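Those protein sequence lines, which keep their order, are chains H and Z.
Mind the numbering: the first sequence is residues 7 to 432 in our numbering, read in order.
Mind the numbering: the second sequence is residues 9 to 321 in our numbering, read in order.
What the hints contain is simulated information worked out from the structure, not anything from laboratory work.
No experiment lies behind these values; they were computed from the predicted model shown.
Do not take every clue at face value.
Claimed, not checked - Derived DMTMM-like pairs (lysine to aspartate or glutamate); straight-line CA-CA distance at most 20 Å:
| hint | chain 1 | residue 1 | chain 2 | residue 2 |
| --- | --- | --- | --- | --- |
| 1 | H | 90 | Z | 216 |
| 2 | Z | 231 | Z | 216 |
| 3 | H | 225 | Z | 167 |
| 4 | H | 316 | Z | 69 |
| 5 | H | 90 | Z | 221 |
| 6 | H | 190 | H | 223 |
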Amino acid sequence: MKKVLFVLLAVVMSLTGLAGCASKSTSGSAPSSSPVQLTYYYPVGVTGPLVPVMTKMVNQFNQANPTIHVNPVFSGTYPQTLAKVETAIQGGNPPDVVVLNHTARLDLIHLDAVESLDDLVTAGNYYPAFIEPKVNGHYWGVPFQRSTVVLYYNKDAFKKAGLDPSHGPATWDELVADGKALEKSGITGIEIPSDGTVYWQFEPFVTDCGKNLYNDDGKSVNFNSPEAKEALNFWLDLSHKYKIEPTGILPWATTPDDFAAGHTAMIIHSSGSLANILKKSSFDVGVAFLPKNTSDYRTGTGGGDFYLMKGIPADHRTAALTFIKWMCAPEQQAEWSINTGYVASTPDAYNLPVMQAYVAKTPQALVSPSQLQYAQPEMSTYQLNQIYDVCNSAVQSVIAGKASVDDALNKAQQDATTILAPYQQS
Amino acid sequence: MIHLRINDNPGPGTARQRSLVAAVRPHLLCYGLLLLPIAMVCTFIVIPMVRTVWSSFQAMDARGMAIHFSGWQNYHNLFASTLLQTVLKNTLFYSVLSVVLCLIISFILSIVLNDSRNSSSRFLLIGLFSPTVIPVVAGANIWLYFLAPRFGLLGRILEPFGLGNVNLLGEPTSALCVLVVLFVWKYAPYFTLFLLAALQAIPPDIRDAMRTEDPHHWHSYFKVILPMIAPMIAFVTMMATVYALETVDPVYVMTQGGPGNGTNLIMYYLYQLGFNYFSWGPAAALSTILMVGLSGLSAVSLIILERRAFHWQ
Numbered sequence: 007m008k009k010v011l012f013v014l015l016a017v018v019m020s021l022t023g024l025a026g027c028a029s030k031s032t033s034g035s036a037p038s039s040s041p042v043q044l045t046y047y048y049p050v051g052v053t054g055p056l057v058p059v060m061t062k063m064v065n066q067f068n069q070a071n072p073t074i075h076v077n078p079v080f081s082g083t084y085p086q087t088l089a090k091v092e093t094a095i096q097g098g099n100p101p102d103v104v105v106l107n108h109t110a111r112l113d114l115i116h117l118d119a120v121e122s123l124d125d126l127v128t129a130g131n132y133y134p135a136f137i138e139p140k141v142n143g144h145y146w147g148v149p150f151q152r153s154t155v156v157l158y159y160n161k162d163a164f165k166k167a168g169l170d171p172s173h174g175p176a177t178w179d180e181l182v183a184d185g186k187a188l189e190k191s192g193i194t195g196i197e198i199p200s201d202g203t204v205y206w207q208f209e210p211f212v213t214d215c216g217k218n219l220y221n222d223d224g225k226s227v228n229f230n231s232p233e234a235k236e237a238l239n240f241w242l243d244l245s246h247k248y249k250i251e252p253t254g255i256l257p258w259a260t261t262p263d264d265f266a267a268g269h270t271a272m273i274i275h276s277s278g279s280l281a282n283i284l285k286k287s288s289f290d291v292g293v294a295f296l297p298k299n300t301s302d303y304r305t306g307t308g309g310g311d312f313y314l315m316k317g318i319p320a321d322h323r324t325a326a327l328t329f330i331k332w333m334c335a336p337e338q339q340a341e342w343s344i345n346t347g348y349v350a351s352t353p354d355a356y357n358l359p360v361m362q363a364y365v366a367k368t369p370q371a372l373v374s375p376s377q378l379q380y381a382q383p384e385m386s387t388y389q390l391n392q393i394y395d396v397c398n399s400a401v402q403s404v405i406a407g408k409a410s411v412d413d414a415l416n417k418a419q420q421d422a423t424t425i426l427a428p429y430q431q432s
Numbered sequence: 009m010i011h012l013r014i015n016d017n018p019g020p021g022t023a024r025q026r027s028l029v030a031a032v033r034p035h036l037l038c039y040g041l042l043l044l045p046i047a048m049v050c051t052f053i054v055i056p057m058v059r060t061v062w063s064s065f066q067a068m069d070a071r072g073m074a075i076h077f078s079g080w081q082n083y084h085n086l087f088a089s090t091l092l093q094t095v096l097k098n099t100l101f102y103s104v105l106s107v108v109l110c111l112i113i114s115f116i117l118s119i120v121l122n123d124s125r126n127s128s129s130r131f132l133l134i135g136l137f138s139p140t141v142i143p144v145v146a147g148a149n150i151w152l153y154f155l156a157p158r159f160g161l162l163g164r165i166l167e168p169f170g171l172g173n174v175n176l177l178g179e180p181t182s183a184l185c186v187l188v189v190l191f192v193w194k195y196a197p198y199f200t201l202f203l204l205a206a207l208q209a210i211p212p213d214i215r216d217a218m219r220t221e222d223p224h225h226w227h228s229y230f231k232v233i234l235p236m237i238a239p240m241i242a243f244v245t246m247m248a249t250v251y252a253l254e255t256v257d258p259v260y261v262m263t264q265g266g267p268g269n270g271t272n273l274i275m276y277y278l279y280q281l282g283f284n285y286f287s288w289g290p291a292a293a294l295s296t297i298l299m300v301g302l303s304g305l306s307a308v309s310l311i312i313l314e315r316r317a318f319h320w321q
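One chain only, chain H, in its complex shape (with noise of 0.2 Å):
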């Protein structure tokens, strides 16, 4: 009786590992009439309940175009998608179309994994901040979910304190008179979320003062500029001296919880979160440029562009290249940034019916786009996640207390530059 089973066992064993390979091999081989199956990963980098509302646009795709089946693969943060691309290039499976960080680029030519898409690029009419500048004389990717850093105030908070809540602070200087006045109403001043990817806050707070985290070639950085040191010190003193945020490290997706629920009045956030602010909050939600120092450049810009991964079969890539553009033509990007309150990455989508009733309800969402000409790009380098830890972890230790300014920038840029090193000589 127990050999019979055994043998059962066995048997049934080996024939699910026979039907596993036999229908690998007929999905390879499928007969042209059948559509062709793309394998499509996407991050969400923003607080709120996205993954319904990709799955619901990716079905619109497949209904609109039966030759070709989009398979959407939810993968996690930024970071984490890159790493399973990796894993799934190694693998020699690798997925046909994916959405990554914009500032990846240079690491993904590095890896050769990824195709230009000059053509893609130069037909949309896209936000000159969003696809410049060029990398070896090509565009890489098709800017998608692009988001500005904005700051979002309370104005019912603002008109207790007695400010103007028409508008956010646009001075540095403001930023402190507004929050001590805010403090002495009873409310937090500002939170400026410190933990995970810090750095994307924090660049703007640089640039605003003059020179940005890095330099155009991607093989250096400039983390121990006086001009950095300048922001981080008014990032402590906004906690320590004017005692109008919270000391310590604040999380990222907790900090939209807070204002809506009005325990801060300010905060700094991506203009990604517009939407889940808007949605949680019983108050006027204001929405601001960031506060200006000495430099006009005041915002950063950040999110993902959708990659077409090299490699692939030819009738893949045709279909890819199809699903791509629909993705970022005007109808959807509107869709998406209703949806989500990404910047739309054409001013095209701002033209349409759709988008105007939208805005026309919800002007907050016009101050992104507007921002887009005073916005410098996002730091991009080689070993760029390695590159955005270094970065981080100085500018946390210092947020948390254990080092000082001077002594967390200078070794964040000594670190760099010898990760670097071997790109500085090619």
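Fit chain Z to the supplied structure of chain H, relying on the hints for placement.
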């Protein structure tokens, strides 16, 4: 005896082969069935292990392809990083604190459970054991909600004291301590079972003798009970050390090594080296070191359990 041995002695040549076939034949099915698991072990464990050791002596490109032999260069690069020093410091702090706390708590729990052997202790056991069967990732997410400033359970409890905004994961040292608590929460009950088993394996006549000889128990605990369960304590210490060094999932879920690399533990650093930094060479070198170290520790603990656990019997 002698008669049997003569009968058993295999003849030269063909006779010996025949007896070998005869010996194997009844087990053919067993060997056949073993083929699949052996193939799986080779594919998923042996081959990657050998390849990792081989890769650690190769110069690797960003896609993880070997370029040429490079001797100890990967090991040299690995130890040249200042980040590794921070990681080693974190790992040492985390492991020592986790193991010591785990041992103390599981020892106390096992004595309490052993002394109160009635129906109520069974529910206590189930309650205690539940963290162990919860997957780490799910458990870590639950703790994330507990610890969320202002919204979480901890924030709500501390609200009346004006500490509602406290963010334990926002400060390097407290974040590392949270990871220690998570480890103890998950593994102390598990190790309690081992120690409880050791305590319950002590024959009742020894306990009876102790009861008459030493009614206050203190002396007998140190002179009789402790030496008897010492091998099990050694085994538990080894296992706890291995588990602590292997910690990666709560780091990935709760802190991603931050803030400021304060919770970057060795296994998470290994993941980062490979999948975030594409430094495949140093990653292979670190894997090799960890493989040798951890399998050494596991071997020691197995030897202790096999050879010495029940030496008093």
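Could you check the structure against the hints above and give me the numbers of any it violates, in ascending order? Failing hints, ascending: 1, 3, 5, 6.
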